[in-house]
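Novice: Sequence:
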Amino acid sequence: MLSNATKDTSKAFKAQVQDNKSPANAGLPKKSNNNTLKALQKNKPAKQDAHQTATPTPHHPAKVIQRDETEKKVIVVIDDKDHHQKNDSSVQILAVTSKGNKKSSQKLAHSAFKNPAKLQAPHEEPEKLLNISGVRRSGGVHKVMALDVTNKPRDVHAVGQFGHAAVVPLEKQEESKKRWSEGYFNVFLSEQIPVDRAIPDTRPPACSENLVHDDLPTTSVIFCFVDEVWSTLLRSVHSVLNRSPPHLLKEILLVDDFSTKDYLKEKLDVYMSQFPKVRIIRLKERQGLIRARLAGAAEAKGDVLTFLDSHVECNVGWLEPLLERVYQDRRKVACPVIEVISDKDMSYVLVDNFQRGIFKWPLVFGWSTLPEDYIKKNNMKDSDPIRCPVMAGGLFSIDKKYFYELGSYDPGLDVWGGENMEISFKIWMCGGEIEIIPCSRVGHIFRGENPYRFPKDRQKTVERNLARVAEVWLDEYKEVFYGYGYLHLLDKNVIDVGNLTEQIQLRKKLQCKSFKWYLDNVYPELEAPLVKAEGLVFNVGTRKCLALEKGSLIFETCDLSKQSQHFNYSWVKTLRQNTSCVSPQSTRTGVAMEPCDNTKAHQRWLHKANKILPEHLIGEVSFRGVSQRVCLEAGPKANSVFLKACESSNSFQKWQFTHYYAQ
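Just so we're aligned: 178 in the numbering used here is position 176 of the sequence shown, and the numbers increase by one with no gaps anywhere.
Do not take every clue at face value.
Here are the computed lysine-lysine pairs in the BS3-like style, where the Cα-Cα straight-line distance is at most 27 Å [stated by the list, open to error]:
#	residue 1	residue 2
1	Lys403	Lys511
2	Lys403	Lys546
3	Lys362	Lys378
Just so you know, these hints were derived from the structure itself, not from any lab.
Use the sequences and the hints to build the structure in full.
Specialist: Here's what the structure looks like:
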């Protein structure tokens, strides 16, 4: 059910693009000053009391912009100096009214543009310009707009202003602790901070000189939330409204995933009704983040979908760099640099510029700094886009049509978890790219605990999602995933991943590449051996090697050239040769070869997994309903192999592979 705020009549800011155009021979990206970020980090704002005044950070003066929306009037003013200083060269912008053709002008302070270039004379032919990727393009471009518009002048003394840290007064600390569980961050402090506070401009210096096209696509910004804290939800929305060029912001969609808090019902409707571009979509039952995003995407009217979490603060100039990358190539998915809003003191904290999203086994997301030699080898500047193997998943822009061409999210994924892996593999393997754009910065509250309610068991939900991703996208490497602690998911009685036919057919239809291609071309740094060990299987007691001859296991003098002596020890703990696996028999002592089946637990052998028996191959047999562990043993005459009770000192139970890739 949709609740439309008010009729959208905002047509403002169109003249601003024209006023901000650069001459053809100016505004090309300059070499970034790498010391800027370090200097900012050294000057981290000091903490302030919640009832004390805040002072502007010396490196990033407040950028005061005023917007008067009385009778639909919008006034934007630009200034090139500090927040407390007016400049004679300020750009005058005409206010646009929704009634009649009457226009008025007013000069106000705004440090959105630094050293604006002179406007190009009409008769001059624009020269070809280089974009941030070094690709030549024609005119019709302007410098990125660093807007920061507010309904009224900011209170420079407000708590948390300019991204400063704040502390809870002694008499309020008990209240602050009690309210922590409302959002698993300092809800008390968040409520003291203005919903439209200023934050430091943390972009690399070259970003303000970058050029973007005049005809960028519009975007629908989609926030999905359930029981989000009031102050952080409002601050998220205000940061988008205040710092986004209105002609590019088609709408803001608030997807309420069946919240239970009263303040997120009528009160939210009333508050958001003052913003014509905000729409609220209310789901009639709890769907989870993944399906909530799909609901928002289905309602979106913009050319580009921009997904954001509901506890963020978008920085100045955040939107255009994202849209520019999508404009250049609709198969590029652009992510902002995600900076940190402290969950404890609500300060805005800078992060290392050269970071990218990665994963480690078993599909665990993390951040990794680009190696210094990689940066030097590629002559990277701190404003250059960064190839990203896996996105964090909460904040990104994607062409709407491309999103659906890819099949959107797997609708079989439940609630939350694994969706960032699924869409990242899908994008890369099916012809797209994911980039982090350093000129786009968004602060995000990272919490120590996941506050989301899961209709079912949380752990099982996430595990099921990851198993679906593994089965569809990892090919033979899914065994690596299962081998890193998820062997129990192979048992269909433990978890049902659902029908995968549609997703597998989609992958074939899109002619997606293999996961090995992804590892070789996108994420070669990841260690992903297909097996834990391979080669000859040497028995310490007999000094001979295991061999497979006519379906039976025998012993021979070790010979690397003989393929019959080559075995693999897999991530799912099977001892196999091609498609045949060594399996204990019901006699408790016999061993035979069976067709490999990863779901059959009796085909698994422990090796290098037991400190007491590190060289043994330990299996499990069931006798009269009782399971017991046994070890693979070679006959003393090297003419047979059988199962026997494990003995730590028995050399005939000790086995060694030629190559080990993982323990």
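Novice: The structure should be examined with respect to each hint, and the outcome stated for every one.
Specialist: Okay, the hints, checked on the actual structure:
Taking the CA atoms of lysine 403 and lysine 511, the gap is about 16 Å. The hint holds against a cut of 27 Å. With a CA separation close to 61 Å, the supplied pair lysine 403 and lysine 546 exceeds the 27 Å bound. For the hint linking lysine 362 to lysine 378, the alpha-carbon distance of about 25 Å falls within 27 Å, and the restraint holds.
When the structure is compared with the earlier hints, a violation turns up for hint 2 alone.
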